[in-house]
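Protein sequence lines correspond, in order, to chains L and P.
To convert, note that position 135 of the first sequence is 135 in this note's numbering; the numbers rise steadily by one, no gaps.
To convert, note that position 79 of the second sequence is 79 in this note's numbering; the numbers rise steadily by one, no gaps.
Keep in mind that the hints were calculated from the coordinates and are not lab data.
From a predicted model like this one, the values you see are computed outputs, not experimental measurements.
Where a beta carbon is used, it is the ideal one built from N, C-alpha and C, also for glycine.
Some hints could be false.
Stated by the list, open to error - Sample of chain L residues lacking proximity to chain P, with all beta carbon distances greater than 10 angstroms (derived):
{"id": "1", "residue": "A26"}
{"id": "2", "residue": "I28"}
{"id": "3", "residue": "E44"}
{"id": "4", "residue": "R54"}
{"id": "5", "residue": "G78"}
{"id": "6", "residue": "V84"}
{"id": "7", "residue": "H95"}
{"id": "8", "residue": "A179"}
{"id": "9", "residue": "S206"}
{"id": "10", "residue": "S287"}
{"id": "11", "residue": "E293"}
What the hints assert, rightly or not - In silico negatives: residues of chain L with every beta carbon more than 10 angstroms from chain P:
{"id": "12", "residue": "A10"}
{"id": "13", "residue": "G12"}
{"id": "14", "residue": "E20"}
{"id": "15", "residue": "P22"}
{"id": "16", "residue": "D53"}
{"id": "17", "residue": "G246"}
{"id": "18", "residue": "V267"}
As the list claims (entries may be wrong) - Examples of chain L residues lying across from chain P (beta carbon under 8 angstroms, computed):
{"id": "19", "residue": "N29"}
{"id": "20", "residue": "T43"}
{"id": "21", "residue": "Y77"}
{"id": "22", "residue": "R304"}
Here are the chains, one letter per residue:
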Amino acid sequence: MKAIVVTDEAAGTAGMTLVERPEPPAAINDVIVQIHASGFVPTEMGWPSTWTDRRGRDRTPSIPGHELAGVVAALGYGTTGVSVGQRVFGLADWHRDGTLAEYVAIEARNLAPLPGDVDFTAGASLPISGLTAWQGLFDHGRLRAGQSVLAHGAAGAVGTMVTQLAREAGAYVIGTGRAADRQKALDFGAQEFVDLENDALEDLGSVDLVFDVIGGEIQKRSAALIRAGGSLVTIVGPAEARPANGLAVDFVVESDRAQLSEIVQRVRDGRLRTNIGNVATLDDAVSALNPTERLNGKTIIRIRP
Amino acid sequence: MSIAGPPEARPADGLALDFVVLPDRAQLGEIVQRVRDGRPRNDLGNVATLDDAGAAVNPTEQISGHAISAFVREHPKETKSEETIP
Numbered sequence: 001m002k003a004i005v006v007t008d009e010a011a012g013t014a015g016m017t018l019v020e021r022p023e024p025p026a027a028i029n030d031v032i033v034q035i036h037a038s039g040f041v042p043t044e045m046g047w048p049s050t051w052t053d054r055r056g057r058d059r060t061p062s063i064p065g066h067e068l069a070g071v072v073a074a075l076g077y078g079t080t081g082v083s084v085g086q087r088v089f090g091l092a093d094w095h096r097d098g099t100l101a102e103y104v105a106i107e108a109r110n111l112a113p114l115p116g117d118v119d120f121t122a123g124a125s126l127p128i129s130g131l132t133a134w135q136g137l138f139d140h141g142r143l144r145a146g147q148s149v150l151a152h153g154a155a156g157a158v159g160t161m162v163t164q165l166a167r168e169a170g171a172y173v174i175g176t177g178r179a180a181d182r183q184k185a186l187d188f189g190a191q192e193f194v195d196l197e198n199d200a201l202e203d204l205g206s207v208d209l210v211f212d213v214i215g216g217e218i219q220k221r222s223a224a225l226i227r228a229g230g231s232l233v234t235i236v237g238p239a240e241a242r243p244a245n246g247l248a249v250d251f252v253v254e255s256d257r258a259q260l261s262e263i264v265q266r267v268r269d270g271r272l273r274t275n276i277g278n279v280a281t282l283d284d285a286v287s288a289l290n291p292t293e294r295l296n297g298k299t300i301i302r303i304r305p
Numbered sequence: 001m002s003i004a005g006p007p008e009a010r011p012a013d014g015l016a017l018d019f020v021v022l023p024d025r026a027q028l029g030e031i032v033q034r035v036r037d038g039r040p041r042n043d044l045g046n047v048a049t050l051d052d053a054g055a056a057v058n059p060t061e062q063i064s065g066h067a068i069s070a071f072v073r074e075h076p077k078e079t080k081s082e083e084t085i086p
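Excised from the complex, chain L in its bound form:
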């Protein structure tokens, strides 16, 4: 099968090459999915799981991209819950070969059915950003209606999901980003916008939940804004700051079939908009994933037309 591989951590996304690889075999509880669309997050290049297996052994050449939408092609021993020919989408195991390929072997529990009225491109754009937002807001942040959320990077892949899901849950959302992101953040539902380069976070007063995707100084200043009983939720590693009387949680997103189904249902009924900036073929994926300018939205690779 055709696949994008990486072999050199120092080279990052520039080291991607399109090659021929063997089709993956199905392990226990696996599904072989014929991939129609794939999503990739550049931070994968910095994660140990892209380069080594769970025992720390080199696993290159490694296929990056861990979001997928496609069709079930085969089932492994003992696999239940999906059937051959079914449309599915999901989030592949970080330590296994990913989805910038024609086929992937993935545990069934990492997949959910993709309804026939949601196209593969949309399906592949949802797992990481949608699940990260869902788990950060509801599982880790315990968000409740009436609370306020400071959503950093509100025009980004995760931020647009955080903003929309928090609004739907009845929260008041303050988005942040660069000046150029203001209109997009407001379009996705932020009720206020803070330009991190020109506005003072401290002017906001207090908030119940900070959703951090930046870390560093912004994280520290944000933690100081959190009300007693509130939460700092971060996806950039162990929190460097803690709210004085609140929780600090860092987490790595996990696949969850029920949550994937909640997310895709919201796309079907218009409560959630995807944030896709560019769609490219697998043949053009290397250049599409090495953009020369800042992109407005997520890049999705269409593996099959």
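Chain P: place on chain L using the hints.
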């Protein structure tokens, strides 16, 4: 419902399923709560140390306690560290 691989027989008017067990935090919580309540009872046949595990998992006679044939207790004073060897 079979855990012994793809079913070789099917009910005339029903489903035939085979599966491999998966870990599930919520279900583990439900199960241990039932053990605390006394339902179901544990059915332990044998408890051995890690040093004796080779012999314990290769018994020369049938162990009563059918589902679990041996336990390895790595730290005898800490019962929470028991691991099952299915």
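Consistency of the hints with the structure:
1. A26: Label holds. Min Cβ-Cβ 12 angstroms, cutoff 10 angstroms.
2. I28: 5 angstroms, violated
3. E44: 25 angstroms, holds
4. R54: At about 15 angstroms from chain P, R54 (chain L) clears the 10 angstroms cut-off, so the statement holds.
5. G78: The assertion about G78 (chain L) is violated, with a minimum of 3 angstroms to chain P.
6. V84: Given a closest Cβ separation of 14 angstroms, the condition holds.
7. H95: Non-interface label on H95 (chain L) holds, nearest chain P Cβ at 16 angstroms vs cutoff 10 angstroms.
8. A179: Non-interface label stands for A179 (chain L): nearest chain P Cβ at 43 angstroms, farther than 10 angstroms.
9. S206: S206 (chain L) is indeed farther than 10 angstroms from all Cβ atoms of chain P, at 33 angstroms.
10. S287: 40 angstroms, holds
11. E293: 44 angstroms, holds
12. A10: Its Cβ never comes within 10 angstroms of chain P, the nearest being 36 angstroms, so this holds.
13. G12: It holds; G12 (chain L) is separated from chain P by about 34 angstroms at its closest Cβ, greater than 10 angstroms.
14. E20: 32 angstroms, holds
15. P22: 24 angstroms, holds
16. D53: 19 angstroms, holds
17. G246: 25 angstroms, holds
18. V267: Non-interface label on V267 (chain L) holds, nearest chain P Cβ at 26 angstroms vs cutoff 10 angstroms.
19. N29: 5 angstroms, holds
20. T43: 26 angstroms, violated
21. Y77: Constraint on Y77 (chain L) satisfied, holds at 7 angstroms.
22. R304: Status violated, d = 30 angstroms.
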